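Asker: Please build the complex by placing chains P and L on the supplied structure of chain Y, with the hints as guidance.
Residue strings, one per chain:
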Amino acid sequence: MRDPATPRKVVSRTTAAGALPAMAAGILERVRERAPRVHCVTNAVAQTFSANMLLALGAVPSMTIAPDEVGEFTARADALLINLGTFDAERRAAAEIAIKKATEAGRPWVLDPVFVERSHPRTAFAKVLADLHPQALRLNRAEFAALTGAAWSEGGLRAYALETDAVVGLTGETDLVTDGKRLARIANGHPLMSKVTAMGCAGSAVVAACLAVEPDAWHATVAALMLFGVAGEMAGARATGPGSFAVAMIDAIYALDGNVLMRGARVAC
Amino acid sequence: MRDPATPRKVVSRTTAAGALPAMAAGILERVRERAPRVHCVTNAVAQTFSANMLLALGAVPSMTIAPDEVGEFTARADALLINLGTFDAERRAAAEIAIKKATEAGRPWVLDPVFVERSHPRTAFAKVLADLHPQALRLNRAEFAALTGAAWSEGGLRAYALETDAVVGLTGETDLVTDGKRLARIANGHPLMSKVTAMGCAGSAVVAACLAVEPDAWHATVAALMLFGVAGEMAGARATGPGSFAVAMIDAIYALDGNVLMRGARVAC
Amino acid sequence: MRDPATPRKVVSRTTAAGALPAMAAGILERVRERAPRVHCVTNAVAQTFSANMLLALGAVPSMTIAPDEVGEFTARADALLINLGTFDAERRAAAEIAIKKATEAGRPWVLDPVFVERSHPRTAFAKVLADLHPQALRLNRAEFAALTGAAWSEGGLRAYALETDAVVGLTGETDLVTDGKRLARIANGHPLMSKVTAMGCAGSAVVAACLAVEPDAWHATVAALMLFGVAGEMAGARATGPGSFAVAMIDAIYALDGNVLMRGARVAC
Chain Y
5 MRDPATPRKV VSRTTAAGAL PAMAAGILER VRERAPRVHC VTNAVAQTFS ANMLLALGAV
65 PSMTIAPDEV GEFTARADAL LINLGTFDAE RRAAAEIAIK KATEAGRPWV LDPVFVERSH
125 PRTAFAKVLA DLHPQALRLN RAEFAALTGA AWSEGGLRAY ALETDAVVGL TGETDLVTDG
185 KRLARIANGH PLMSKVTAMG CAGSAVVAAC LAVEPDAWHA TVAALMLFGV AGEMAGARAT
245 GPGSFAVAMI DAIYALDGNV LMRGARVAC
Chain P
5 MRDPATPRKV VSRTTAAGAL PAMAAGILER VRERAPRVHC VTNAVAQTFS ANMLLALGAV
65 PSMTIAPDEV GEFTARADAL LINLGTFDAE RRAAAEIAIK KATEAGRPWV LDPVFVERSH
125 PRTAFAKVLA DLHPQALRLN RAEFAALTGA AWSEGGLRAY ALETDAVVGL TGETDLVTDG
185 KRLARIANGH PLMSKVTAMG CAGSAVVAAC LAVEPDAWHA TVAALMLFGV AGEMAGARAT
245 GPGSFAVAMI DAIYALDGNV LMRGARVAC
Chain L
5 MRDPATPRKV VSRTTAAGAL PAMAAGILER VRERAPRVHC VTNAVAQTFS ANMLLALGAV
65 PSMTIAPDEV GEFTARADAL LINLGTFDAE RRAAAEIAIK KATEAGRPWV LDPVFVERSH
125 PRTAFAKVLA DLHPQALRLN RAEFAALTGA AWSEGGLRAY ALETDAVVGL TGETDLVTDG
185 KRLARIANGH PLMSKVTAMG CAGSAVVAAC LAVEPDAWHA TVAALMLFGV AGEMAGARAT
245 GPGSFAVAMI DAIYALDGNV LMRGARVAC
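Chains as they are written, first to last, in this note's numbering: chain Y, 5 to 273; chain P, 5 to 273; chain L, 5 to 273.
In isolation and in its complexed conformation, chain Y is listed as follows:
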């Protein structure tokens, strides 16, 4: 078997912050044109919202976790999401099969180690998966601390990206995205995003969709979190609470186009 990471390793020269919104607009356009299939092994709470987010974005979701078919679904998908938000036995088996198949087929995959700080078996499993060369990892500060054993810092983030050979997207008030060398800070987003369950999980599904059409995983992750944050601001302008926000977020992702994205993006390197 060939090295799974190498064939997709593409590092573009575009790292200037000013060029990133246009890059993201291009990725959004490609998702809309190509309608990539994204297979999601994700938690029960996130499945419906993530599927609707992917459909609104222009991607085609599938969600099965049955061990005897998840391999075939993954092989026919353009990208894979592994999310640990619920940690039942069938999902764990499915995750391992799907990752093996994605790796063999040269498909990019994202790891979202949800709530790893809450239980030791989950932390241990997440560490095993992080060593299997995901193209991107999306997590928050508590999850980062649980995985690495140290509080978050920019240096620690870069080191972890180099160690796992994955792009790390740390979400929070400002999202940070690094491949160890390049680092982007995305200031988009809305406070109600943290009041809707599975919002982060759905964001990771968007990362997977962008990875499906963009070989530079840092660009794909920056684009995904940027467009997600801009859509969050659009949704926040219409919502009267977290219920209407979740609905408006799907509408915003659907309505988003390159011009709105480029006008709304707030990103620095």
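Derived by calculation from the structure, the hints in this document are not laboratory data.
Model, not experiment: these values are computed from the prediction.
Incorrect hints may have been included.
[Stated by the list, open to error] Dumping the calculated BS3-like pairs for lysine-lysine here, alpha-carbon to alpha-carbon at most 30 Å: (1) L:Lys199 to Y:Lys199; (2) L:Lys104 to L:Lys185; (3) L:Lys104 to Y:Lys131.
[What the hints assert, rightly or not] Covered stretches of chain L (chain P as the covering partner; in silico rule of three or more C-beta atoms under 8 Å from a C-beta of chain P): (4) 82-96; (5) 122-129; (6) 217-226; (7) 248-260.
[What the hints assert, rightly or not] One-sided excerpt, in silico: chain Y residues whose CB lies under 8 Å from chain L: (8) Gly176; (9) Thr178; (10) Val251.
All C-beta atoms, glycine included, are put in the ideal place defined by N, C-alpha and C.
Answerer: Leaving out everything else, chains P and L in the frame of chain Y:
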């Protein structure tokens, strides 16, 4: 055991397209009056949306898939939905138990072979279930092709209905419903219906609810897809994207009455 | 091991109906301040809606049912919800582990015996759990009848509360909450609440959140059902059907404050 299909086999003489909207209005009214119980063995992504759709329609949903109680739930239900959208071991066991119980009790059931084109074990399992005499099958063109091994055609559709002894509802831009002899074409619907996950699954739940109150399975399936399509148009008039569309769809099903349905129906034979 | 129920047994002297809205406003304020963690072993249909309800209220939900981590999640939570709405093997194992852990840690827990009238194994399991000393039980009339073998009456309700040593919240057009001695009647609510799946389950999650910050379980349950009913009326004023109602309900729970609650409460003893 008596032949499971025979007792419910009722073929009304009403096949003229002009009479179908009033027939559908009558079925809608009966669902509202009788509040039939519909047991759904459906996929994880579709459960909540389908339950809300059935409640909005006036039916009473139940959703358990536990093998040791699904039989009892089915025996007390007025119709059954089997949907293969997620294909875990427990759901497969539940499907077989529930179908056996529905058959013994003379209850109608619908098969929705979601995504059978994506994996071979799923196709094989769907074929086994299709041979167990569902009153109706709802599927799209890719699913039809996977089940029958041939691309869709009107002749193929009629032949498949005769072969399975089931009403076949093929959904798409125009929905086609046939029992092999009679064939209706329903032009209602809205493009955003394909942008909401589990919309088709929820439509199959509506088919089950209509079968619960109407012994002519062709009438029941025509009525279900017609009212679903008309509600889709009502929802589309209010929505600003797929998020608000999904919400408006539930409201539209709830608000739908016979007059609106008869005015909105676009059906040909 | 110490008696699990005793340490949390607190009976306040405030039982006059006039004092209950202000008491409920105080509990709401404490939930907002303390952001209690509520672990939910709940059914697949209810997971997402319940998590969003808890987030909107100001609590922090977790939802895992994996047997090897549910204990750790429960031990780190401030309250536990056990809901029997779907009854798969993994959830049953999870329920037993979580209850044991909550009891050992002195955490309050709520039992919601959904649909126990529909299957005998479920009734039997619910009876076993009801004997494990939940602080509160939330159910409707059919569920009460299935558990106790007798139709609902005020005397029967009080007797059942004394027998189980739990506060019993019987929801319906008027909600009744009793610990056997004190009894409150809450007239708040909206007809559309019964047209949204898992609305009752989400209400039980709110009971758990209130128990996390209030040791008098009768006060906590009264407060939870009162604020839930007032929010239902706020949502009903904005909704055009059950789809928009579900969304508005989340927004209403988020917007609710002590003044609105005290103005809206309709409660008698």
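Asker: Each of the hints needs a verdict: does it hold here or not?
Answerer: Evaluation of the provided hints:
Between lysine 199 (chain L) and lysine 199 (chain Y) the alpha-carbon distance is near 24 Å, which keeps this suggested pair within the 30 Å criterion. Annotation: proposed proximity of lysine 104 (chain L) to lysine 185 (chain L) holds, straight-line Cα distance about 28 Å (limit 30 Å). Only pairs whose Cα atoms come within 30 Å are accepted, and lysine 104 (chain L) paired with lysine 131 (chain Y) is accepted, the gap being roughly 29 Å. Under a criterion of three residues with beta carbons nearer than 8 Å to beta carbons of chain P, the stated coverage of the segment 82-96 of chain L is upheld, 5 such residues being counted.
Residue count for the segment 122-129 of chain L with a Cβ under 8 Å from a Cβ of chain P: 5. That meets the three needed, and the coverage hint holds. Three residues within the 8 Å Cβ limit are the bar, and the segment 217-226 of chain L against chain P gives 0, so the coverage statement is violated. Remark: the segment 248-260 of chain L is confirmed as covered by chain P, as 3 of its residues place a Cβ nearer than 8 Å to a Cβ of that chain, reaching the required three. Interface restraint check for glycine 176 (chain Y): the shortest CB-CB distance to chain L comes to about 16 Å, outside 8 Å, so the restraint is violated.
Annotation: interface hint on threonine 178 (chain Y) violated; nearest CB of chain L at approximately 22 Å, more than 8 Å. Given the 8 Å rule on beta carbons, the hint for valine 251 (chain Y) holds: about 6 Å separates it from the nearest Cβ of chain L.
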